[in-house]
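J.: Could you put together the complete structure from these sequences and hints?
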Amino acid sequence: MTTQLPQLNDRDLELISAYIDGQLSAEERREIERRLDNEANLRLAYEELRATVQALRDLEPVRPPRSFTLDPAKVALQRPPATRLGWGRLLQVAGVFAAVLVAAIGTLSVIGSLGSGAPASAPMVVAPTNAPAPPLELRESAPTPERSDTAAAPAALDDGSGPVAPQAYATVITTPEVAALPEVAPQPTIVTTPAISSPGTVDLAQPKPAAESTPPVTPPDLTLLLTLAVVALAAGGVLLWRRRKG
Amino acid sequence: MFNVGYNTPALDHTAGANSVANEELRLVESAQRGDIESFNALVRLYEGRVYNLCYRLLGDADSAADAAQDAFLSAYRHLRAFRGGSFRSWVLRIATNVCYDALRARQRRSIVSLDAAVETTPEEAAPLQLANTAESPDEFALRRELARAIEAGLAQLPVDQRLVVVLCDLQGLTYEEIAEVTGANVGTIKSRLSRGRARLRDVLRQGELLPLRFRHKGEE
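Protein sequences appear in the order of chains Y and H. Numbering follows the working numbering, in which position 31 of the first sequence is assigned residue number 31; successive positions increment by one, without gaps. Numbering follows the working numbering, in which position 88 of the second sequence is assigned residue number 88; successive positions increment by one, without gaps.
It is possible that part of the hints are untrue.
[Said to hold, decoys possible] One side only, chain H facing chain Y, incomplete, derived with CB under 10 Å:
| no. | residue |
| --- | --- |
| 1 | Asn-18 |
| 2 | Leu-27 |
| 3 | Tyr-55 |
| 4 | Ala-147 |
| 5 | Leu-193 |
| 6 | Ala-198 |
| 7 | Arg-201 |
| 8 | Leu-209 |
In case anyone wonders, no lab produced these hints; they're calculated from the structure. This one's a predicted model, so the numbers in the text were calculated from it and none came from an experiment. Even for Gly, the Cβ is constructed at its ideal location relative to N, Cα and C.
T.: So, in structure tokens, the structure goes:
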């Protein structure tokens, strides 16, 4: 007579495996012990698995061929773990901070130039309203209020050429106040913008020719400086890292 | 529980467990401050376990020695990342990762199959010796055959099952400790362990290496 090999489902296999390790809850243990008493196949599977586990546990450990202790002389060449936060790591961190700073300043300056009615936005708005001159000329010829064309610009705006134009005017009118803030774009903008955008105001009637001849004063380019600093920091970090690895 | 029996702290004995844990903690703290001798004391404590884990996962002595050395070097370099808990589990986890890397590299290079390595090296790497004078030549031969079959069976297991079987049945870790080493949850470990053991049982059954009383009439 031939008995069949016990084939268990995964759940029962898992249960008897955990039972061998004593990893069942009290309720699961009682249940599996009840079944082991009643089910011959389960009992046979349990005995086989237990014998397998015992054979594994009896397997002799392998003796290491050598010791794996570290050589103090070799390890001394490296920095000990407690002092591993060296200049290279500091330079890397500083480089990341500088890069974030550059990105933030760049973003702010772009947003600032768009939002404060910088010269770039004025021509975009004025052009569709049949302004008398192209943007570049407008900047320079705006101080001549006696032109009849200048009256046409507000008229065109009143005709309803779009809600954008009045907004632009409002923006431009407030530009001198905004321009007082340090983040605003360069000074040439400050001088010319009121002349462009306020044809109906007193400023338009009283142009300031002196402003036209004033050469623009360029502030130090902070972005360029910071970019150079990032490059220097990154190069320093790489050099230190390579020197340590080498 | 099963104790591997080489340079391992007697953690099973409650009385000595605290002093061993305290000593281990002192060594770790000292090593974190850069004391290489303290780290080497930890290496001596666990090098047997680490080497055996690598050997069972990789299947040959040379690769296992390289992996064990790499694991301890990596442990030293990343000692600051150790935030307490079981140093044994931490270092075994590092060794496991090193072995996984070695297995992946081996798979890419296709130098030699794990089966071939296991077939050729166990006798050289781990020569079995008569356990005691009372062991008869027949018993010695059977034990040797059983060890070969188990090693061959382990090599056939998927690596995740092999790892769990080695950690549980050869290294004597609890399910919770295995979870720490592998990063898997206890349910997954139970499942992998039962399937790995079942495969090994099949190997032993085929080789008629299970005790006679468990054999079926059709197999005899």
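J.: It remains to establish, for every hint, whether it holds in the given structure.
T.: Hints, verified against the model:
no., hint, in the structure
1, Asn-18, "violated (23 Å)"
2, Leu-27, "violated (13 Å)"
3, Tyr-55, "holds (5 Å)"
4, Ala-147, "holds (6 Å)"
5, Leu-193, "holds (6 Å)"
6, Ala-198, "holds (6 Å)"
7, Arg-201, "holds (4 Å)"
8, Leu-209, "holds (7 Å)"
In summary, the numbered hints that this structure violates are 1, 2.
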